[in-house]
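Chemist: Residue numbers (the UniProt record's numbering): 1 to 240.
What the hints contain is simulated information worked out from the structure, not anything from laboratory work. Among the clues, some could well be false.
Straight-line C-alpha distance at most 25 Å; calculated DSS-like pairs for lysine-lysine [to be verified]: (1) LYS168 - LYS179; (2) LYS189 - LYS168; (3) LYS202 - LYS189; (4) LYS179 - LYS189.
Cβ pair distances, simulated, as ranges [unchecked claim]: (5) ARG184 - GLU76: 31 to 37 Å; (6) ALA174 - PHE85: 55 to 61 Å; (7) VAL172 - THR207: 29 to 35 Å; (8) GLN162 - ASP87: 47 to 53 Å; (9) GLU159 - GLU190: 45 to 51 Å.
As the structure is a prediction and not an experimental result, all values here were calculated from the model. All residues carry an ideal CB built from backbone N, CA and C; glycine is no exception.
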Amino acid sequence: MSLVRLSFWMVAVFAVCAAPALAQPGGRGGRGQGGFGGMMGGGGGGLNGLLMSEDVRNELEITDDQMDDIQAMGQEIRDEMRSMFQDMRDLSPEERRDRMESMQEDMQSLQSDIEDRMGEILLPHQMDRLKQINVQQQLSRGLQGGLTGSLAEELGITEEQQVELREKAQEVQAELQEKIAELRKEAQKEILSVLTPAQQEKLEEMTGEAFEMSNAFGGPGQRGQQGQRGQRGQRGGPQG
Numbered sequence: 001m002s003l004v005r006l007s008f009w010m011v012a013v014f015a016v017c018a019a020p021a022l023a024q025p026g027g028r029g030g031r032g033q034g035g036f037g038g039m040m041g042g043g044g045g046g047l048n049g050l051l052m053s054e055d056v057r058n059e060l061e062i063t064d065d066q067m068d069d070i071q072a073m074g075q076e077i078r079d080e081m082r083s084m085f086q087d088m089r090d091l092s093p094e095e096r097r098d099r100m101e102s103m104q105e106d107m108q109s110l111q112s113d114i115e116d117r118m119g120e121i122l123l124p125h126q127m128d129r130l131k132q133i134n135v136q137q138q139l140s141r142g143l144q145g146g147l148t149g150s151l152a153e154e155l156g157i158t159e160e161q162q163v164e165l166r167e168k169a170q171e172v173q174a175e176l177q178e179k180i181a182e183l184r185k186e187a188q189k190e191i192l193s194v195l196t197p198a199q200q201e202k203l204e205e206m207t208g209e210a211f212e213m214s215n216a217f218g219g220p221g222q223r224g225q226q227g228q229r230g231q232r233g234q235r236g237g238p239q240g
């Protein structure tokens, strides 16, 4: 686990453990749960993160008493996390880096402890259902990406299968993009059929020759384009 990833994970665990946010005015459906849930992307943060979703709590039929216990647990864990962060505040950058590396096992142990304590609060069928929802959320982010970590270990997925999964995912993704492009063109054609022939002709003149942007919204293509623009800017800048 890289230092950047570990840092993010530590912050994520700290945020997820802020369970008292669930008890703010408005009840379980109130605004109090929006802050952390939004920051973590809804179901982020593992099993404990899922409990920030009102839909999940309703599905599990979480009682008020259980919520009180979950909030109390969150307060305890949050205090532990706050203490860990405060200790790091006075360290030099080098010492902080070393401490973060040594804390990796502690953080993993803490996450495991959180889930164990949740198992003591939730009923067996609630915990089982919560784990099922967690797996569904992992897979919803992509089968190849979801079948990793503890889930891959539990399924006994081999390294060879991981390679095959990556290759198959790339293959299917390419096919999916082609189908999406075809459907988009068909949809656009159907929508534009509302226009008169004259309006369609004018629109074609306004749009000009077709231009395809690769991964326009945050993908590798965009980064490449940005890099090229930067290089052009450097070439066009003052010469020393």
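Chemist: Give a verdict on every hint.
Modeler: For each hint, the structure was consulted:
1. LYS168 - LYS179: At roughly 17 Å apart (the allowed maximum being 25 Å), LYS179 and LYS168 satisfy the hint.
2. LYS189 - LYS168: 32 Å, violated
3. LYS202 - LYS189: 15 Å, holds
4. LYS179 - LYS189: 15 Å, holds
5. ARG184 - GLU76: 31 to 37 Å: Cβ of ARG184 to Cβ of GLU76: about 51 Å, so the range 31 to 37 Å is violated.
6. ALA174 - PHE85: 55 to 61 Å: Once the Cβ atoms are compared, 43 Å apart, the range 55 to 61 Å for PHE85 and ALA174 is violated.
7. VAL172 - THR207: 29 to 35 Å: Since the Cβ atoms of VAL172 and THR207 sit about 31 Å apart, the hinted range of 29 to 35 Å holds.
8. GLN162 - ASP87: 47 to 53 Å: 37 Å, violated
9. GLU159 - GLU190: 45 to 51 Å: Taking Cβ atoms as reference, GLU159 and GLU190 lie about 46 Å apart, which means the hint holds.
Against the hints set out earlier in the document, violations occur for numbers 2, 5, 6 and 8.
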